[in-house]
Amino acid sequence: MPILSPSDADRVRAMLADLPNPVRLVFFTQTLNCETCEPTKQILGELAELSSQITVQEHNLLLEGDLAASFGIDRVPSIAVVGAQDYGIRFLGIPSGYEFMSLLDAIQVASAGDSGLTEASRAMLAGLESPLSLQVFVTPT
Amino acid sequence: MAVESGKVTSFIVEASEYPDLVRKYRVSGVPKTMVNETVEILGARPEEDFVRTAVGGVVP
Chain A
1 MPILSPSDAD RVRAMLADLP NPVRLVFFTQ TLNCETCEPT KQILGELAEL
51 SSQITVQEHN LLLEGDLAAS FGIDRVPSIA VVGAQDYGIR FLGIPSGYEF
101 MSLLDAIQVA SAGDSGLTEA SRAMLAGLES PLSLQVFVTP T
Chain B
142 MAVESGKVTS FIVEASEYPD LVRKYRVSGV PKTMVNETVE ILGARPEEDF
192 VRTAVGGVVP
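Chains as they are written, first to last, in this note's numbering: chain A, 1 to 141; chain B, 142 to 201.
For reference, chain A alone in the conformation it holds in the complex (with noise of 0.2 Å):
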């Protein structure tokens, strides 16, 4: 049984389908005690079938803990958004719910390199000299 209904995924293909650049899907996965991992696999694997331009690289956090440390990655199960270049965009645990919508917007802007955000806001980041990490911590509904 698919996740997305019918709709959902017309909806879904709509609004992917857009993407000016191919966006990769990093996807941190482990097969035991791992509630949501196959969910999210099966999730990221609709999405995928919805856009030409999204792509997901399946890996095992116990087997590539070296590739997921260079994700910044430590938990499963998560995904890195990757864009023209990896901008840091992540997330940890399943994207359902309203989650889910925050992981089309975070495509679409990796794809575009193009964060959408004001003037003021882009001349604040510009001058950042040191890292900054940000956890926002949301609920699927």
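In case anyone wonders, no lab produced these hints; they're calculated from the structure. No experiment lies behind these values; they were computed from the predicted model shown. A hint or two may mislead.
One side of the interface only, derived from the structure: several residues of chain B facing chain A at Cβ under 8 Å [what the hints assert, rightly or not]:
# : residue
1 : A156
2 : Y159
3 : R167
4 : T174
5 : L183
6 : T194
Restricting the straight-line Cα-Cα distance to at most 25 Å, the calculated cross-link-like pairs of lysine to aspartate or glutamate (DMTMM-like) are [unchecked claim]:
#  : chain 1 : residue 1 : chain 2 : residue 2
7  : B       : K148      : A       : D86
8  : B       : K148      : B       : D190
9  : B       : K148      : A       : D105
10 : B       : K173      : B       : E189
11 : B       : K165      : A       : D10
12 : B       : K148      : A       : D114
13 : A       : K41       : B       : D161
14 : B       : K173      : A       : D105
15 : B       : K148      : A       : E119
16 : B       : K148      : A       : E35
17 : A       : K41       : A       : D18
18 : B       : K165      : A       : D74
19 : B       : K173      : A       : D18
20 : B       : K165      : A       : E35
21 : A       : K41       : B       : E158
22 : B       : K165      : B       : E181
23 : B       : K173      : A       : D66
24 : A       : K41       : A       : D66
Distance windows between CB atoms, simulated [what the hints assert, rightly or not]:
#  : chain 1 : residue 1 : chain 2 : residue 2 : range
25 : A       : R122      : B       : D161      : 30 to 38 Å
26 : A       : L62       : B       : L183      : 33 to 41 Å
27 : A       : P6        : B       : G147      : 24 to 32 Å
For each residue, glycine too, the CB sits at the ideal point set by N, CA and C.
We have chain A; now place chain B onto it with these hints.
Frame of chain A, contents of chain B only:
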């Protein structure tokens, strides 16, 4: 923000899956943003207000 600056990484954390992080950062409501694991931004804020607080939260 992550797209705008190579210095920024942005983790979207599904809170209910990571109770250890929820405890560590005392997340009692969402959205809650931790900047460099120290500065808290509660709730949704206007964009420029959020960016200003986050950028100001950088500890040199």
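For each hint, the structure was consulted:
1. Satisfaction of the interface hint for A156/B is found here, the shortest Cβ-Cβ separation to chain A being roughly 5 Å, below the 8 Å cut-off.
2. A hinted interface residue such as Y159/B counts as satisfied when its beta carbon comes closer than 8 Å to some beta carbon of chain A; here the least separation is about 7 Å, so the hint holds.
3. For R167/B, the shortest C-beta to C-beta distance to chain A is roughly 10 Å, which exceeds 8 Å, and the interface hint is violated.
4. Proximity of T174/B to chain A holds as hinted, the smallest CB-CB distance being about 5 Å (cut-off 8 Å).
5. Taken as an interface hint, L183/B does not check out: its beta carbon lies about 10 Å from the nearest beta carbon of chain A, beyond 8 Å.
6. Interface hint at T194/B: violated, since its Cβ lies 10 Å from the closest Cβ of chain A, which is beyond the 8 Å cut-off.
7. For the given pair, K148/B sits about 12 Å from D86/A by alpha-carbon distance, which is consistent with the 25 Å threshold.
8. At roughly 19 Å between alpha-carbon atoms, K148/B and D190/B fall within 25 Å of each other, so this suggested pair holds.
9. Straight-line distance between C-alpha atoms of K148/B and D105/A comes to about 20 Å, which keeps the hinted pair within the 25 Å bound.
10. Of the pairs offered as hints, the one joining K173/B and E189/B holds, with about 17 Å between alpha carbons and a cut-off of 25 Å not exceeded.
11. Simply put, K165/B and D10/A have alpha-carbon atoms about 40 Å apart, too far for the 25 Å limit, and the pair is violated.
12. Simply put, K148/B and D114/A have alpha-carbon atoms about 16 Å apart, close enough for the 25 Å limit, and the pair holds.
13. The straight-line distance between the Cα atoms of K41/A and D161/B is roughly 23 Å, inside the 25 Å bound, and the hint therefore holds.
14. Taken as a hint, the K173/B and D105/A pair is honoured in the structure, with Cα atoms around 19 Å apart against an allowance of 25 Å.
15. A hinted pair counts as satisfied when its Cα atoms are at most 25 Å apart, and K148/B with E119/A qualifies at roughly 18 Å.
16. As the CA atoms of K148/B and E35/A are separated by approximately 33 Å, the hinted pair breaks the 25 Å bound.
17. For the proposed pair K41/A and D18/A, the alpha carbon gap of about 24 Å is at most 25 Å, so the pair holds.
18. Restraint check for K165/B and D74/A: satisfied, since their Cα atoms lie roughly 16 Å apart, inside the 25 Å limit.
19. The hinted pair formed by K173/B and D18/A fails the criterion: a straight-line CA distance of about 31 Å is larger than 25 Å.
20. At roughly 22 Å between alpha-carbon atoms, K165/B and E35/A fall within 25 Å of each other, so this suggested pair holds.
21. Restraint check: the Cα-Cα separation between K41/A and E158/B comes to about 16 Å, which is no more than 25 Å; the hinted pair holds.
22. For a cut-off of 25 Å, the pair hint linking K165/B to E181/B stands: about 12 Å separates their Cα positions.
23. With a C-alpha separation of about 29 Å, the suggested pairing of K173/B with D66/A is violated against the 25 Å cut-off.
24. Distance hint between K41/A and D66/A is fulfilled; the C-alpha atoms sit about 21 Å from each other, no more than 25 Å.
25. Look at R122/A against D161/B: about 35 Å separates their beta carbons, and that is inside 30 to 38 Å.
26. Hint check: L62/A to L183/B, Cβ distance near 35 Å, so the stated range 33 to 41 Å holds.
27. One distance hint, 24 to 32 Å for the beta-carbon pair P6/A and G147/B, is violated here, with the actual separation near 40 Å.
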